[in-house]
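Take these sequences, add in the hints, and give me the full structure.
2 protein chains.
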Amino acid sequence: MRFTSEQRLDDGVLEREFTLGEIPGILWTPGSASAPAPLILLGHPGGLHRMYPRLVARARHCAAEGFAAATIELPGSGDRPRSAAAEEARADLHRALEAGEPVDDEIVGRLVLPLVEKAVPEWRAALDALLSLPEIGGPVGYAGGVIAIGVRLAVVEPRISAALLFAGSYVPRAMFEEARQVTIPLQVLLQWDDEGNDRQLALDLFDAFGSAEKTLHANMGGHTGVPGFEGDDGNRFFARHLK
Amino acid sequence: MRFTSEQRLDDGVLEREFTLGEIPGILWTPGSASAPAPLILLGHPGGLHRMYPRLVARARHCAAEGFAAATIELPGSGDRPRSAAAEEARADLHRALEAGEPVDDEIVGRLVLPLVEKAVPEWRAALDALLSLPEIGGPVGYAGGVIAIGVRLAVVEPRISAALLFAGSYVPRAMFEEARQVTIPLQVLLQWDDEGNDRQLALDLFDAFGSAEKTLHANMGGHTGVPGFEGDDGNRFFARHLK
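Each protein sequence line maps, in turn, to chains A and B.
Heads up: the first sequence runs through residues 1 to 243, numbered per the UniProt record's numbering.
Heads up: the second sequence runs through residues 1 to 243, numbered per the UniProt record's numbering.
Don't take each hint at face value.
Just a few of them, taken from the derived set where beta-carbon distance is under 8 Å, the chain A residues facing chain B [stated by the list, open to error]:
| no. | residue |
| --- | --- |
| 1 | L97 |
| 2 | T215 |
| 3 | A218 |
| 4 | D233 |
Straight-line distance between alpha carbons at most 20 Å, and here's what the computed EDC-like set of lysine to aspartate or glutamate pairs gives [unchecked claim]:
| no. | chain 1 | residue 1 | chain 2 | residue 2 |
| --- | --- | --- | --- | --- |
| 5 | A | K118 | A | E65 |
| 6 | B | K243 | B | D232 |
| 7 | A | K243 | A | D232 |
| 8 | A | K243 | B | D232 |
| 9 | A | K118 | A | E88 |
| 10 | B | K243 | A | D232 |
In short, the hints are calculated from the structure, not lab data.
Cβ coordinates follow ideal geometry from the N, Cα and C atoms, glycine included.
Pasting the structure below:
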């Protein structure tokens, strides 16, 4: 892990870009931290530059509660090499959505499963590197989209203690068995009127999770319209489970 | 409205029992209120004595945020005269639930519609009386169960500005058209693993509400197991809309 730039934001948060091998990432740490900060991994659909405004807003919000936050670029996104198979699956998905057809689970599988296979070891490697920094302490939370990555991480990565999952992307039915194995506390955000999402699939996935403590928050406002108060509520969720 | 008893609880909350004609009720006001307090009407399934521990806990929680809280007995519950038709409908409902049969919408209609017709004018009369007290000011919220009463109140009572509805009871399909007319901000609580409730009906009802701001919170813990953090979240919901 190599830091490539560093800047202090106006609220005192330290933002550092890094690379982990070929993978770019960003780490935000609270301005005033006396003890090692719990860490929240910020999941996103790919494209660090495009997602930066939303990511930095979430990171500042985390820092206000005393959490560090970090994210890495997804395989096939941003400046990372594209996968021809993933591009083809993505095009098939968009064609189905534009035609108003139901989205075939086979397409979702082709798009999501290879991404999960590649991304999850990268997130775990980032976690190794981040937790070796003296300013970062356990426990760790995962917050964000590409819900399938969150599901796999929640199952295979014992250092993740709680997850706030944004149910705004497709999950192949093949991963429902994995969802049943998730036992950490979960908060699941669903945009009820997100037209590009499959609401019933999200409800079925929420139902499948094995966690004794799981909460679903459904709101209006479309895919990108998660209400501001959910940011505070996410902090409270992590404060309950990471402190 | 006639006050029949008064006691100061250990946290300073003033609890006063009252009667409104034949209807018993309870009013809780914060210990230290400089200005007239916004009012939250506490809905419940009937039986003030049986429900008292849960009601007073909710009222104390409201008072901690500066809200007054009040409730009245439902028609046919507690010491109020029973309705033979309602008792028969309730027995039919329990028979269906015990037999594991799907609950007939006709039974739900027989049980719920007459209750809504009788109870809603009583809640409105209570509101008239409560809002005439100098220590109570608008705006008003409704919080609680018998979701059908909350739906009707949200439609017909313009003084109610926000509602926190507990989706733990049946609503006849005949009331879905009314749900579409609800436009005030809503927070709907659903116990995901509430075996005596119809989860799909609750989700359909949430979908039907016409409100631009509506939030669904689904949790585990069975019918009576709403997590404690939802109390804080309910206060924040009302603080956003009643202050």
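Which earlier hints can't be squared with this structure? 1 and 5
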